[in-house]
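Peer 1: Just so we're aligned, residue 7 is where the sequence shown starts under my numbering, counting upward by one.
No wet-lab data here; the hints were simulated from the structure. Each hint can be trusted.
Taking CB as the label site, the calculated pair distances span: (1) G225 with R297: 20 to 26 Å; (2) S352 with E328: 16 to 22 Å; (3) R35 with P319: 41 to 47 Å; (4) R296 with S353: 23 to 29 Å; (5) R245 with R47: 32 to 38 Å; (6) R35 with G364: 47 to 53 Å; (7) R47 with E285: 45 to 51 Å; (8) R280 with D304: 15 to 21 Å; (9) V266 with R164: 28 to 34 Å; (10) K321 with A276: 20 to 26 Å; (11) R245 with G171: 18 to 24 Å; (12) A27 with A337: 56 to 62 Å; (13) D341 with S31: 48 to 54 Å.
Distance condition first, Cα-Cα at most 35 Å in a straight line; then the derived DSBU-like pairs of lysine-lysine: (14) K227 with K206; (15) K359 with K321; (16) K264 with K277; (17) K321 with K159; (18) K277 with K359; (19) K359 with K235.
Beta carbons: idealized from backbone N, C-alpha and C, even for Gly.
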Amino acid sequence: MMDNQRHNGQPVRETVMRIGAEADSWHARINEGPLTPDEARAFNEWLAADPEHERQYRCGQMALREVLLMRGERDLEDLMRPTVYERINSALYDAGQWLQTQSAGRIARAGFVTAAVSSILLVSFFAVQLGFGPEQMRISAPASPAEPLYETKIAEIRDVTLSDGSIVTLGAASGVDVLFTQNERRVVLSEGEAFFQVEKDPDRPFIVVADNMLVRVLGTKFDVNLGAKAVGISVLEGRVEVIRPEGDSGVMRDSDIKHVLTAGQKVAAAKQGRVQPVETVDVENVAAWRRGELVWVDTPVRDIIADLNRYSPSKIVLANSEIGDLGYTLALQADDVSRGVRLLASSLGLEAKERPNGDIVLR
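Full structure from sequences and hints, please.
Peer 2: See the structure below:
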């Protein structure tokens, strides 16, 4: 029988149901607003007390996000404020770091079945609270935890103010995931480009993750572009460390710091290759896209096309991959992508043809 199976000396079913109720209570409290220092300490102690606490809390988070996603992107933003996401992700990140140092035991299979039932009930509860009828109560796989919390569409630019006061300006078709903890502020750039205006906090460095590169700062203004084959980093103001961690330990060492950039400097790091030498850049061109100007100086054609595709309703395809390695300089308005295609075609001796599906092929 399920009750005869034990977890920490208690019947599994009763334990899982109790933990589920506690997780629901913490979800409700965190959604009300920032925790007090005493509450934050109690919450961290609760997460650290048992690996099942973190697992149940994660299940609840994913279940709630799934219900919100049923309503579409606009309602997701209205109903689940970014600051709430940041608080939830912060708690989960801290718990994950703690769990890596512990030897977690396994709970009997019956416990997982009970937890699954609890998650379904939680989805049902939130669905009723948000006004779903029976025809909308279709349970599907939870949304991926890695899904960006802030996204933009093609040709859209968006300012996001984080809970610490830092501002992230997302370029077109871009996405970031925010993970704030007591020790650091971490933002993952999953696609596209973003400009960061970081509030100073000596006790919590601000780290941007882009592919296999890290950018670490205390307070500054800089741009990160996740290109087709490289990550580009440009500094408008302040000082940043460009880091590529070596090995699988997950611990950053001094030797991992490849460059220290200051205002008017940039660097490119190949996703599969070395970090390039530091170059000088006109500060007026750093994140010029924020004012509607797209500027590339001696930039690989493939990266220019990758950027153009974030502003173009029609996909632009380069048929000859060798041309993609050529450096090219170009400047145009963000709302005139077609001009960029014409200039590339004429300058490189290419022909632009439109496919039946609307794609534009340069060959």
